Amino acid sequence: MSALARDGLAPGTAAATPPLFERLFERRTKYLVAAACIAICTIMLLPLLASVLASLKTTLEAAATPPTYLPGALSLDSYERLWSYGAGLPIYVLNSGGAALITIALCLGLTIPAGYALARFPIPGKEVLFVILLLGLIIPYQALLTPLFFMFVQLSLHNSLLGLAIIHTAIQLPFSIYIMRNAFEAVPRELEEAAVMDGCNSFQVLVRVFLPAIVPAIITVSLFAFITSWNELLAALVVMNKDSSFTLPLILAAARQQTSIGGTDWGMLQAGITVSIVPCLAFYFLLQRYYVAGFLNGAVK
Amino acid sequence: MHSSTSRWVGLLYLAPALAFVAAFTVYPLGQMVWMSLHDWSLIAEKKWKGVGNFIKAWNDPQFWTSLWFTLKYTVLITPILMILGFLIALLTARNTPLRKFTRGIVFAPVVIGLGASSLLWYWLFSYDFGFVNRALLDAGVIAKPIVWFGADANLSMWAVITSIVWKVVGFGMLLFVAAIHGVPKEVDEAALVDGATYWQRVRRIILPLTAKTILLVTLVSVIGSLLAFDQFYIMTAGQPRNLTATSVFLIYLNSFPYLKLGYGAALSLILAAIILGCTMLQMALSRRSAA
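Chains as they are written, first to last, in this note's numbering: chain A, 74 to 374; chain B, 2 to 292.
What the hints contain is simulated information worked out from the structure, not anything from laboratory work. A hint or two may mislead.
As the list claims (entries may be wrong) - Heads up, simulated DSSO-like pairs for lysine-lysine below, C-alpha to C-alpha not over 30 angstroms straight-line:
no. : chain 1 : residue 1 : chain 2 : residue 2
1   : B       : LYS261    : A       : LYS315
2   : B       : LYS101    : A       : LYS103
3   : B       : LYS213    : B       : LYS186
4   : B       : LYS101    : B       : LYS213
5   : B       : LYS186    : A       : LYS103
6   : A       : LYS199    : B       : LYS213
7   : B       : LYS47     : A       : LYS315
Please read all numbers here as calculations on a predicted model, not as lab measurements.
With the hints as extra help, turn the sequences into a complete structure.
In structure tokens:
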């Protein structure tokens, strides 16, 4: 942080200093800022890099103490062990992916019509209904898991992807509704009026006029739903108690405690972390624009 | 033209979302209150207990241990997150390629799973397989490896704090950058012409004009920390002696492994009330900032 502090002094001494000195000063600031940026990036990336590299160590090297910083030889042993761990990696990836897809479908299916209604229709008691829809912001889902668990046992929704996705949808719903309502409100009324003139009913207007216009919001809502569902641990821990219905975070948490030959299988754990992180980072970097837009719109409001 | 029918049409479009919230948020909320007043398990018949579960919480040393630990964690991590996030935001606020890239990298851990990042740091801090001990030994800072987890609650907490700062510092940073971009250029330039130094401008102009964002982010961060679970479940498993079991962890333990659902519901209700207080504050601030 000292680099940061020194950087701060620079542009200040503007008025009275001679131009040459000022230019030198400014150049120094530029280098310091660059150095600080690179240092921060290094610190942020190092743990991720360390994990990916460790996942590529040989079985023997992954279990070495003290640990080696860099793998001596590259190997996919850890991924092979992960592939056949428990019920098998494909099952866990399918469970996580399945829950995420159902969550996305539920979020979109519920919030597209809701956003349409909130933005475009006069509804009696709209303000109150909107607050009820945002109730999830006030009541943390962590506090609702006990009654939800009891309810799911009665409805046989525990150990089901649908059950898990329902909780993940409940987590994401307030944010998604907020984003959707804003997206619908931003669509110019002229577009819709033209369609009404042509004799479209409200559903046709929704499909033909609004859906193409709110694609960015659909991407944002889907992206957040995916990231929440793919990564969520506590609800999965509560709802899923059969090995074959575990999601990726669950099986990783379980693998931490389990002993292979007298200890945690660190190499396999790194492989699992890598598998779990890569889709999130890929979607984030590919769709960064949508992510940041959604984040700035919905994170604090 | 069709205004008398359209109010019902609107309600129809809203109905699925309303039904979902009624079934999976409102109903469980009521159920939770009902459960908290009972001795409730999956197998045995439920028994009316009145406020017995709440009295039990009051007299339960673990309830207080968990609450204090959660508060301590929150009080310690929040200023670190806010100050570090704000400093990185100041450093990277201008839109140059390197700064934008840095913002992207600092934010990246926010999108990965808390479970995955906790496992990652559990490994980095592990006694004989972790890079933290290896690096500290190599640098000569310590003579023998440190037992980060399982022995000392404070050491465990600092290891967890380190991991969470890495994981979520980008959250505040990004919102602070947006707030700094919202500072009117003319104001800042006027101060520059007046000969104000950089830190004077930060103190007199940027901080006051971003104060509302800082407060809101602080509250969001506080709520997040009060609800901490994943990081402790994975990194400390509540050890030693449940000293690092947070409030949500305690709910989890009572409701699920122990199946004391009534007591779990009572603990949930207490936590929900605490969070509600924070949220009300946040909404009041948020409304004022919108006006």
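Now the hints, each set against the structure:
1. LYS261(B) to LYS315(A): Within the cut-off at roughly 21 angstroms; holds.
2. LYS101(B) to LYS103(A): holds, 15 angstroms
3. LYS213(B) to LYS186(B): holds, 18 angstroms
4. LYS101(B) to LYS213(B): Judged against 30 angstroms, a Cα distance of about 24 angstroms means the pair holds.
5. LYS186(B) to LYS103(A): Answer holds: LYS186(B) to LYS103(A) is near 21 angstroms, not above 30 angstroms.
6. LYS199(A) to LYS213(B): holds, 28 angstroms
7. LYS47(B) to LYS315(A): holds, 26 angstroms
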